[in-house]
Amino acid sequence: MYDVYLFNLEGIIPEPGEDYEEDTLRCNVHKINFLYESKILKSGLQPKDVVFISDDVVTVYFLSWIHDFAPRFNSAILFSLNSLSLSSHSFRLKKLSYDSHSVVSPIMIILSNKNKYGKIFFNSILNKNFSSFILNDSSKSPSLKESVKSFIELSSIKLKENFLFINAEKKGFTYEENARLAIPEKNNFKKNILDCTLDSAQDCFFFSDGIKTGIVHGFDSDAMLDYVYNNRPEGKWIIGKYFDKLYLNSIPWQGARHREKCVHTYLIESINYLSDSGFSVNILDIASGHAKYLFSLSDDDFKKIKNIILRDYDEYNLHIVNDIINKRKLDGIISCEKGDAFSALDLASLPTDRTIAVASGFYELFDENENVLQSLKGIFNTLEEEGVFIYTNFLWHPRHTYMARVMTRNKDKKPWLIRRRFQQEIDDLVRLAGFTKISQKIDPWGIFSVSLAKKTDNI
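Numbering (full-length UniProt numbering), first residue to last: 1 to 459.
No lab work stands behind these hints: they were computed from the structure.
Hints are supplied without guarantee of correctness; some may be wrong.
What the hints assert, rightly or not - Beta-carbon label-pair distances, calculated as ranges:
no., residue 1, residue 2, range
1, 149, 401, 21 to 31 Å
2, 42, 414, 44 to 54 Å
3, 328, 179, 42 to 52 Å
4, 377, 44, 21 to 31 Å
5, 304, 48, 31 to 41 Å
6, 370, 279, 26 to 36 Å
7, 183, 398, 19 to 29 Å
8, 238, 279, 34 to 44 Å
9, 352, 322, 18 to 28 Å
10, 172, 44, 26 to 36 Å
Beta carbons: idealized from backbone N, C-alpha and C, even for Gly.
Modelling step: build the complete structure from the supplied sequences, incorporating the hints.
In structure tokens, the structure reads:
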């Protein structure tokens, strides 16, 4: 006996207030995730017991959802996409094909020999991982039923193998991608373009306050993020403000602002849930930076909070935050102190009465999963049983090469080289630390994700 859940996408509003009018794919991906979180996750079903079946209309949305949200399930059976449906989402499909290593759940594709374009595309995704690919002339084939049954049984075995991305910083696709970006560009044509781009950035330094902030403090610095979050173009003369507006409106910085908005939303939801349930609201941020998302809370929100601990390793950030605390007269609620988010001793010194923990825009800056996992376990130990954890991830960047070749980091002024993590990778680390992910949001361009997890012993 099986429970059957019908995912009817009609009439669903996944994110109230979001404008999906010009982005059908994004809208439907978020609808699928909304239904998954509200039906499957809340049902108590284990991943091994969940099999998805999709028709040709929804398949491209479903694959995008798997890539962006990394849900855990037994397997998926997807029916043929026609060539028109594929071509209408060519950009998204190129991204899926490029990132095919992120899809590790077993997937069966059923399509006809007539769909040659579909066969080429699905082969590009499924032949690189644990997935299965079936080419069948007719969905009414007598052998199809047995093939599907066999596929589901084998999928359960593969799920038990528990494939993890725990060593992704040492081997695998994103490791190799990062290694390529670390090598200076050898192609003379591309090198000349990058040199011209770097020269242009240096020229804009004198006009655009945003670009100047990035060059002086580092494009990954909290000073840069604060400038991006404030989103007020500044510069010398009209031309300076024009350059600054273009800079602030670039897709990656729009994504960063969306990330901050999502962290803020999850924080308010968590505060309200804990407060309404009679729990104390004690917040921890192990690497707070300037904690923009936190200081955006209203006075009514702060009244629901018992205590907040903000930690950071940078003295400049501590000075900025303490100044804000004093100006807002929040010293009775918030304490700001120096701490190393990767130090077992520093993490062990934290109180164990936290009910909300936050790590926003932090783990993305570091490649080593071992250190990240140690930090996550430290956070786990600070939380009470009903505690929740808000974390972010860097999935993709439309100008990843530009970042590595032109932009510089805060700490050493070297190229801003970041190894991105598939969502499955960061979720694996969070799960190994003892958490269960219960919700996720993502920006319209698929650059940053924000997730909400709860403390649990069911790993």
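Here's how the hints hold up against the structure:
{"no.": "1", "hint": "149 to 401: 21 to 31 Å", "result": "violated (46 Å)"}
{"no.": "2", "hint": "42 to 414: 44 to 54 Å", "result": "holds (46 Å)"}
{"no.": "3", "hint": "328 to 179: 42 to 52 Å", "result": "holds (45 Å)"}
{"no.": "4", "hint": "377 to 44: 21 to 31 Å", "result": "holds (25 Å)"}
{"no.": "5", "hint": "304 to 48: 31 to 41 Å", "result": "holds (39 Å)"}
{"no.": "6", "hint": "370 to 279: 26 to 36 Å", "result": "holds (32 Å)"}
{"no.": "7", "hint": "183 to 398: 19 to 29 Å", "result": "holds (21 Å)"}
{"no.": "8", "hint": "238 to 279: 34 to 44 Å", "result": "violated (53 Å)"}
{"no.": "9", "hint": "352 to 322: 18 to 28 Å", "result": "holds (25 Å)"}
{"no.": "10", "hint": "172 to 44: 26 to 36 Å", "result": "holds (33 Å)"}
Taken one by one, the earlier hints fail for this structure at numbers 1 and 8, listed in ascending order.
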